[in-house]
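There are 2 protein chains.
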Amino acid sequence: LNLTNNLKSMKKVGVLGGGQLGKMLAIAASNWHLPIYFLDPAEDAPAKNFSHGLTIGDFNEYETVFNFGKNVDVLTIEIEHVSVEALKDLQKLGISIFPQPSIIEMIQDKGLQKEFFQTHQIPSPPFRYFESKIDIINGQVPYPYVQKARKGGYDGKGVSVIRSVNDFHLIMDTPSIVETCISIKKELAIIGSRNQNGDISLYPVVEMVFNEQVNLVEFLQCPAAISMEVENQIRQIATLILEKMEICGLLAIEFFLDQDNKIWVNEMAPRPHNSGHHTINAHYTSQFEQHLRSILNLPLGSTSMISPSIMINILGEPGYQGDAIVMGLDTVLAHEGVYVHLYGKKTTKPFRKMGHMTIVRPTIEEAIMLSKQVEGKLRIIAKVE
Amino acid sequence: LNLTNNLKSMKKVGVLGGGQLGKMLAIAASNWHLPIYFLDPAEDAPAKNFSHGLTIGDFNEYETVFNFGKNVDVLTIEIEHVSVEALKDLQKLGISIFPQPSIIEMIQDKGLQKEFFQTHQIPSPPFRYFESKIDIINGQVPYPYVQKARKGGYDGKGVSVIRSVNDFHLIMDTPSIVETCISIKKELAIIGSRNQNGDISLYPVVEMVFNEQVNLVEFLQCPAAISMEVENQIRQIATLILEKMEICGLLAIEFFLDQDNKIWVNEMAPRPHNSGHHTINAHYTSQFEQHLRSILNLPLGSTSMISPSIMINILGEPGYQGDAIVMGLDTVLAHEGVYVHLYGKKTTKPFRKMGHMTIVRPTIEEAIMLSKQVEGKLRIIAKVE
Numbered sequence: 067l068n069l070t071n072n073l074k075s076m077k078k079v080g081v082l083g084g085g086q087l088g089k090m091l092a093i094a095a096s097n098w099h100l101p102i103y104f105l106d107p108a109e110d111a112p113a114k115n116f117s118h119g120l121t122i123g124d125f126n127e128y129e130t131v132f133n134f135g136k137n138v139d140v141l142t143i144e145i146e147h148v149s150v151e152a153l154k155d156l157q158k159l160g161i162s163i164f165p166q167p168s169i170i171e172m173i174q175d176k177g178l179q180k181e182f183f184q185t186h187q188i189p190s191p192p193f194r195y196f197e198s199k200i201d202i203i204n205g206q207v208p209y210p211y212v213q214k215a216r217k218g219g220y221d222g223k224g225v226s227v228i229r230s231v232n233d234f235h236l237i238m239d240t241p242s243i244v245e246t247c248i249s250i251k252k253e254l255a256i257i258g259s260r261n262q263n264g265d266i267s268l269y270p271v272v273e274m275v276f277n278e279q280v281n282l283v284e285f286l287q288c289p290a291a292i293s294m295e296v297e298n299q300i301r302q303i304a305t306l307i308l309e310k311m312e313i314c315g316l317l318a319i320e321f322f323l324d325q326d327n328k329i330w331v332n333e334m335a336p337r338p339h340n341s342g343h344h345t346i347n348a349h350y351t352s353q354f355e356q357h358l359r360s361i362l363n364l365p366l367g368s369t370s371m372i373s374p375s376i377m378i379n380i381l382g383e384p385g386y387q388g389d390a391i392v393m394g395l396d397t398v399l400a401h402e403g404v405y406v407h408l409y410g411k412k413t414t415k416p417f418r419k420m421g422h423m424t425i426v427r428p429t430i431e432e433a434i435m436l437s438k439q440v441e442g443k444l445r446i447i448a449k450v451e
Numbered sequence: 067l068n069l070t071n072n073l074k075s076m077k078k079v080g081v082l083g084g085g086q087l088g089k090m091l092a093i094a095a096s097n098w099h100l101p102i103y104f105l106d107p108a109e110d111a112p113a114k115n116f117s118h119g120l121t122i123g124d125f126n127e128y129e130t131v132f133n134f135g136k137n138v139d140v141l142t143i144e145i146e147h148v149s150v151e152a153l154k155d156l157q158k159l160g161i162s163i164f165p166q167p168s169i170i171e172m173i174q175d176k177g178l179q180k181e182f183f184q185t186h187q188i189p190s191p192p193f194r195y196f197e198s199k200i201d202i203i204n205g206q207v208p209y210p211y212v213q214k215a216r217k218g219g220y221d222g223k224g225v226s227v228i229r230s231v232n233d234f235h236l237i238m239d240t241p242s243i244v245e246t247c248i249s250i251k252k253e254l255a256i257i258g259s260r261n262q263n264g265d266i267s268l269y270p271v272v273e274m275v276f277n278e279q280v281n282l283v284e285f286l287q288c289p290a291a292i293s294m295e296v297e298n299q300i301r302q303i304a305t306l307i308l309e310k311m312e313i314c315g316l317l318a319i320e321f322f323l324d325q326d327n328k329i330w331v332n333e334m335a336p337r338p339h340n341s342g343h344h345t346i347n348a349h350y351t352s353q354f355e356q357h358l359r360s361i362l363n364l365p366l367g368s369t370s371m372i373s374p375s376i377m378i379n380i381l382g383e384p385g386y387q388g389d390a391i392v393m394g395l396d397t398v399l400a401h402e403g404v405y406v407h408l409y410g411k412k413t414t415k416p417f418r419k420m421g422h423m424t425i426v427r428p429t430i431e432e433a434i435m436l437s438k439q440v441e442g443k444l445r446i447i448a449k450v451e
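Order-wise, the sequence lines are chains A and B. Those letters in the first sequence? Residues 67 to 451, by our numbering. Those letters in the second sequence? Residues 67 to 451, by our numbering.
Do not take every clue at face value.
Below are the DMTMM-like pairs computed for lysine to aspartate or glutamate, each with C-alpha atoms no more than 20 Å apart in a straight line [as the list claims (entries may be wrong)]:
1. B:77 x A:110
2. A:77 x B:389
3. B:114 x A:124
4. A:77 x B:110
5. B:78 x A:396
6. A:78 x B:110
7. B:77 x A:389
8. A:412 x A:389
To be clear, the hints were calculated from the coordinates, so they are not data collected in a lab.
Only chain A is shown next, with the shape it has when bound in the complex (with noise of 0.2 Å):
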């Protein structure tokens, strides 16, 4: 009786954070009633009531990660900002950490990423690092230009765009990488996997629509509206990515479509991503659930869209913050294919995450259409003392 093919499907799951993505993932994992455990800070974080078990604390600190990843026969991340050096030790425990701990390490680090693409000649702005404001200041960079720190950022956090002199009080004073600015036509996304065995699955490119206010995506399309050259050139470089870097899990990588429809590779994070949370409800398979089967060595599930979908990201209202109140829940479930995922945060504050929508039509036309509908008819605020 030879059980080893089966019993890895049930493995221990440890997840490395407990925000939506984690808590995606535990439901994704609750299908298959795979044990799943998650490390996170917040006592009411996301993923707590969809797991085996929350264990409160800082996946940043080394004792925390390495007593937390002992206890687990594979362990992931849903943040990149992990303690790496607890995740290597952990591996040579024999724990299986996917994504592989030098590629948290490399993501961690822009610069890294950047030499990442350099070393495969992978479409990416041209770049140059700076160790200060002052080094930047200094360092006559033609304007505009996009200053990344080149550790901690997230959400848009991280990031500013110099456009001017005027725009000096903007830049961090931190070790950074400053980059061209790209002449954007469009922001585009794929998300990727490969599993133990080198299997590469790609979903279809998604074409993102930012708030430029926060940074923030605020609109999500599956397809883009971009031409098939476009598609395949995207597909060709993420095929490339995966293969070099030899991931092992989920892998999303942003896209920047130029004027001259050039691509240029803007960055990846090697994990469920907001451009995949489409995938729940108009793909056969989720992005949620890929990266479980690319961890655990199961299958690559089929990328292949049910419908063509629009996900909006559903922010915390300007203006209030405090104990999240939903609005308008029962307006937008009114509609045919439109699907609320609610992420369970208590307390909201301007333009936080709190959830998202996907809305699912049979064409992408009649999507925008019912998107517009219901874009902002779910509002997260607070109570106004």
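Put chain B on the given structure of chain A with help from the hints.
Here is chain B on its own, set in the frame of chain A:
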């Protein structure tokens, strides 16, 4: 600032029973982050890790149900064998109980179900009441007939088919109804729902193939291979039942189609049902979300089919008893459109419902073909000592 309309959706939901139906209800609730709580006697009930809390206790005990129920806003069930007395008293306290206690009481007694059918002229097989085994034997009932225990039947238990005097050992000694055997051509089911507004919504009719050995659904097809006329008749009967019952919540109704194409109602369950599991992956709204929408008086969701589907119950393999081991997960997951749901029951025994698979394809023919490919490939066994 009027919040009443919205806060209702974030009411605390309590569920009597934490089995697989409870677990799938919890997963549906998780998308909106509804606070949901379960009462179940089993410490490792399937719903345990997917809820805001599991209370260990017997849902047939007055005190246990009363104490559990008084702490929630809306109380519902995933099994109908619960203390109705406690529910009635909770209702007096102002707790919303859906389905209503009087409906649960009627469903608990197959005799009362029959009387409901008679009162509303709903076609159901002719029947007689009997108090004991000896009464049935003396009753000169023409063979073959079906004995159904008035109370406590579940998952094929509490039902005996008596074909001749040789089957007398199968007659249960309990208050029963005895029904004329219908000459069954097809077994069909429909799931309907109704909210407090009186809105009614029906899923398409499904066709069931039973495993006769254990009287459990083994295979379910949606849409059913029936004429529009039969589909419409069933929809009319279901609408009538939902209206007359004034139920708030989901109602599953099982039917026989006889050799003369006449339709008979077999029985009903006022909750999510095995015959609606395919809706998770193949319909716009799952039966579990629809139940939540009904009891929270949210707009009922679209019941439209996204794709035709086949649902296969995954039963504990005969010959194995003990700690469950899942075999072949990777084999079935290699196919596009195959969704695996495992309930997480720790121990298996022959024919125990351990999970289900839904097979979703663009046509029902393709779905049938793929289901034949994967049927039996996912096995639940136990370690042989």
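Quick rundown of the hints versus the structure:
1. B:77 x A:110: holds (18 Å)
2. A:77 x B:389: With Cα atoms ~15 Å apart, residue 77 (chain A) and residue 389 (chain B) stay inside 20 Å; holds.
3. B:114 x A:124: violated (26 Å)
4. A:77 x B:110: holds (18 Å)
5. B:78 x A:396: At roughly 17 Å apart (the allowed maximum being 20 Å), residue 396 (chain A) and residue 78 (chain B) satisfy the hint.
6. A:78 x B:110: holds (17 Å)
7. B:77 x A:389: Roughly 15 Å between the alpha carbons, so the hint for residue 77 (chain B) and residue 389 (chain A) holds.
8. A:412 x A:389: holds (6 Å)
Of the numbered hints given earlier, the model fails hint 3 alone.
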